[in-house]
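Visitor: Here is how the chains run, residue by residue.
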Amino acid sequence: GQQVMQIPQYQHVQEGEDFTTYCNSSTTLSNIQWYKQRPGGHPVFLIQLVKSGEVKKQKRLTFQFGEAKKNSSLHITATQTTDVGTYFCAYSWGGADGLTFGKGTHLIIQP
Amino acid sequence: ETGVTQTPRHLVMGMTNKKSLKCEQHLGHNAMYWYKQSAKKPLELMFVYSLEERVENNSVPSRFSPECPNSSHLFLHLHTLQPEDSALYLCASSQDRTSTGAHRTYGYTFGSGTRLTVV
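Note that the protein sequences, when read in sequence, are chains W and F.
For the first sequence, position 44 (counting from the first letter as 1) is numbered 44 according to the numbering used here, and the numbering increases by one without interruption.
Count along the second sequence from 1, add 1000, and you get the number used in the numbering used here.
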């Protein structure tokens, strides 16, 4: 069946270190989105990737979509305490079927 | 405020009660969604409404009943819930079509959620 895995589940980093979370699919995705949820908050849309090999940047965040459109990553350079939260990838299989979310990666930053 | 407003923010209900969750969006979106978020199963899609018509059920128990009277409002009616239904219920909205009517996926805007506790 269609499977998308998000890893790691938890990531502890020292403030200033880099952080990466990955989503890996067994089948080709039409698009992938990334969301951030702060503790006690709700998911907030960050970006959508559609094209094969696409790379997009938002300040210290870099988003990539693999050439085969089966993998995606979110990389944060030089983490800050404001980056704390859970990062989710989300995807749809086309049409009006709604987004399916990955299990998320919890980013914990130690000052 | 996100443009998607959910009420109430917190709800405690007994297993025999009937209650409703309300969601309102002010973004002009044509699709709305209900998600359940619990510690054991983060962000489960429950219902999808596009142009006010339900297009996805995802095998949700019948004790959850959605209603979408227009493109700006979405309700989740609850009755005879179980303690395992305690969770954060999130509403979201998005555009899901281009200007020509073709399906396209856009980013979702979530409300702040209703924290539901079933006792």
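Hints may be right or wrong, so weigh each one.
To be verified - The calculated EDC-like cross-link candidates involving lysine to aspartate or glutamate, where the alpha carbons are at most 20 Å apart (straight line), are: (1) W:Lys103 with F:Asp1085; (2) W:Lys103 with W:Glu67; (3) W:Lys36 with W:Glu67; (4) W:Lys103 with F:Glu1052; (5) F:Lys1036 with W:Glu17; (6) W:Lys59 with W:Asp97; (7) F:Lys1018 with F:Glu1053; (8) W:Lys70 with W:Asp83; (9) W:Lys57 with W:Asp97; (10) W:Lys36 with F:Glu1084; (11) F:Lys1041 with F:Glu1084; (12) W:Lys69 with W:Asp83.
Read the hints as simulated data drawn from the structure, not as lab findings.
Owing to the predicted nature of the structure, the values given are computational and were not obtained by experimental measurement.
Visitor: Now, for every hint given, state plainly whether the structure supports it.
Guide: Structure-based check of all given hints:
Of the pairs offered as hints, the one joining W:Lys103 and F:Asp1085 holds, with about 19 Å between alpha carbons and a cut-off of 20 Å not exceeded. For the hint linking W:Lys103 to W:Glu67, the alpha-carbon distance of about 23 Å lies beyond 20 Å, and the restraint is violated. For a cut-off of 20 Å, the pair hint linking W:Lys36 to W:Glu67 is broken: about 24 Å separates their Cα positions. With a C-alpha separation of about 29 Å, the suggested pairing of W:Lys103 with F:Glu1052 is violated against the 20 Å cut-off.
Between the alpha carbons of F:Lys1036 and W:Glu17 the distance comes to roughly 33 Å, so the proposed pair goes past 20 Å and is violated. As the CA atoms of W:Lys59 and W:Asp97 are separated by approximately 32 Å, the hinted pair breaks the 20 Å bound. For the suggested pair F:Lys1018 and F:Glu1053, the alpha carbons sit about 24 Å apart, so the restraint of at most 20 Å is broken. At roughly 26 Å between alpha-carbon atoms, W:Lys70 and W:Asp83 are farther apart than 20 Å, so this suggested pair is violated.
For the suggested pair W:Lys57 and W:Asp97, the alpha carbons sit about 28 Å apart, so the restraint of at most 20 Å is broken. With a C-alpha separation of about 26 Å, the suggested pair W:Lys36 and F:Glu1084 falls outside the 20 Å cut-off, and the hint is violated. At roughly 11 Å between alpha-carbon atoms, F:Lys1041 and F:Glu1084 fall within 20 Å of each other, so this suggested pair holds. A threshold of 20 Å between alpha carbons decides the hint, and for W:Lys69 with W:Asp83 the separation of about 26 Å lies outside it, so the pair is violated.
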